[in-house]
Amino acid sequence: MDLVIPCAACFNRLKQTDYLLRNDQKVKDKMNALLNYLHSDNIRIFHIIEIFDKLPEIRNLIKKKLIKPLCNLNLACYYGCLLVRPAKIMNFDDPDNPMLLDNLMALIGAMTVSWSYKTECCGASLSLTRDDIVGELVHRIIFSAKEAGASAIVVACPLCAMNLEMRQKHNFPIFYFTELIGIALGIDKCRNLLKKHLTPGYKLLQTMGL
Amino acid sequence: MNKSLGIKDCAESEQGFREEIMELSGIDVSLCYQCQKCFFGCPVAKFMDLAPNVINRMVQYDFRARVLESSTIWLCASCVTCAVRCPNGIDIPKLMDTLKQLALKQDRRISENEIRLFHQLFLDNIKIKGRLNEFLLIKDLKVRTRKIFKDILVGIKLFFNGKLDLFSEKIKDTEEIKKIFEQSRGEG
Chain A
1 MDLVIPCAAC FNRLKQTDYL LRNDQKVKDK MNALLNYLHS DNIRIFHIIE IFDKLPEIRN
61 LIKKKLIKPL CNLNLACYYG CLLVRPAKIM NFDDPDNPML LDNLMALIGA MTVSWSYKTE
121 CCGASLSLTR DDIVGELVHR IIFSAKEAGA SAIVVACPLC AMNLEMRQKH NFPIFYFTEL
181 IGIALGIDKC RNLLKKHLTP GYKLLQTMGL
Chain B
1001 MNKSLGIKDC AESEQGFREE IMELSGIDVS LCYQCQKCFF GCPVAKFMDL APNVINRMVQ
1061 YDFRARVLES STIWLCASCV TCAVRCPNGI DIPKLMDTLK QLALKQDRRI SENEIRLFHQ
1121 LFLDNIKIKG RLNEFLLIKD LKVRTRKIFK DILVGIKLFF NGKLDLFSEK IKDTEEIKKI
1181 FEQSRGEG
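From first to last, the protein sequence lines stand for chains A and B. Take 1 as the starting number for the first sequence in our numbering and just add one per residue. Take 1001 as the starting number for the second sequence in our numbering and just add one per residue.
These are computed hints drawn from the structure, not numbers from a lab. Beta carbons: idealized from backbone N, C-alpha and C, even for Gly. It is possible that some hints are incorrect.
[To be verified] As a list, the in silico PhoX-like pairs of lysine-lysine whose alpha-carbon atoms are at most 20 Å apart:
hint : chain 1 : residue 1 : chain 2 : residue 2
1    : B       : LYS1170   : B       : LYS1147
2    : B       : LYS1150   : B       : LYS1139
3    : B       : LYS1139   : B       : LYS1129
4    : A       : LYS64     : A       : LYS54
5    : A       : LYS169    : A       : LYS68
6    : B       : LYS1157   : B       : LYS1147
7    : A       : LYS30     : B       : LYS1094
8    : B       : LYS1105   : A       : LYS189
9    : A       : LYS28     : B       : LYS1094
10   : B       : LYS1163   : A       : LYS195
11   : B       : LYS1157   : B       : LYS1142
12   : B       : LYS1037   : B       : LYS1094
13   : A       : LYS195    : B       : LYS1157
14   : B       : LYS1094   : A       : LYS26
15   : A       : LYS195    : A       : LYS68
16   : A       : LYS189    : A       : LYS65
17   : B       : LYS1129   : B       : LYS1170
18   : A       : LYS169    : B       : LYS1150
19   : B       : LYS1179   : A       : LYS30
20   : A       : LYS28     : A       : LYS63
21   : A       : LYS146    : A       : LYS68
22   : A       : LYS169    : B       : LYS1157
23   : A       : LYS196    : B       : LYS1157
24   : B       : LYS1178   : A       : LYS30
25   : B       : LYS1094   : B       : LYS1127
26   : A       : LYS88     : B       : LYS1094
27   : B       : LYS1139   : B       : LYS1127
28   : A       : LYS88     : B       : LYS1037
29   : B       : LYS1179   : A       : LYS28
30   : A       : LYS196    : B       : LYS1163
31   : B       : LYS1178   : B       : LYS1127
32   : A       : LYS65     : A       : LYS54
33   : A       : LYS189    : A       : LYS169
34   : A       : LYS203    : B       : LYS1157
35   : A       : LYS68     : A       : LYS189
[As the list claims (entries may be wrong)] In silico contact screen, one side only, chain A against chain B (beta carbon under 8 Å); selected entries:
hint : residue
36   : MET111
37   : ALA124
38   : MET166
Assemble the whole structure, with the sequences as input and the hints as a guide.
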């Protein structure tokens, strides 16, 4: 059996623990003794984005059900830290220039920009205690996305999504990647969910006739 | 902001710190040859009182107090950029975690107390229901730091958009979580 995880932070923690338990007998013994738990080597851990890459059936299904391709939408794909680092353990695409999310967005008809802040840190949990730091990091990420010619950022991590929305002063649209897939597949509920954002994603899609 | 290592500071040195850190974290800080890649890549370095490479050097030289009371160990966001770029494979975020734990254990002066409080409240919060209740976490943090009105407008917006859940679900077996917390207490 395999485990598929939608949250980047949970994915990162589980994968790191799994790596330690597989490769360090001392850690394994300690954890087994402390928690009375036996680790099984049979469970593999994936992030949802990897599933789209690994299963061509799902890609074909999306292609078949594509009702509204997101033509002319220029997106900056933001992966954040947790999916790609530490690269040796996460084993998720290229740690400096990951493309899995870009490929997924291309599949639903959107265009993606090439930019250098794909895996920059957003400040993570400092958001509640040192919002000055997070504000500056978020500003740099959004500024760079704008500079690269994107009209919105699409993220793969829920915490990054929250930080980019809350701590920015650009009024720049932020999407979570599943929302855009839903819209491309013509699911109306996804469109209404966009109204709950703090950023004008709904308006952007409306002005583009999507 | 003093990011350099003054010779005067040597008086503070307390022997055995480097060995202690190596024992606790399994990290050999003597591998660091000050190439400063960790510093240049660090997104929060500009807010730290000591750069990550300086922390490394100070651990090498047994500067116990300066390191454990620095803001650096609390400001590290664990983005792991440094560890990926380190030519000698030093796991700096893990080093920072070890230093945080040691600072708490030895009752050191914490220079970023709000961040320490946040970590504490986060864990306390999970202990109750087995998963995080963001609303209660934010409320507790506001009450304890006496910053009730900070971010209040954003908070209200999030609440009315249904993004702040007042009553998060409970997991099936909360006793199990409490047991894990108890059994792993003090273990890195």
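Quiz item: Of the numbered hints stated previously, which ones are contradicted by the structure, given in increasing order?
Solution: 1, 5, 8, 20, 21, 25, 33, 36
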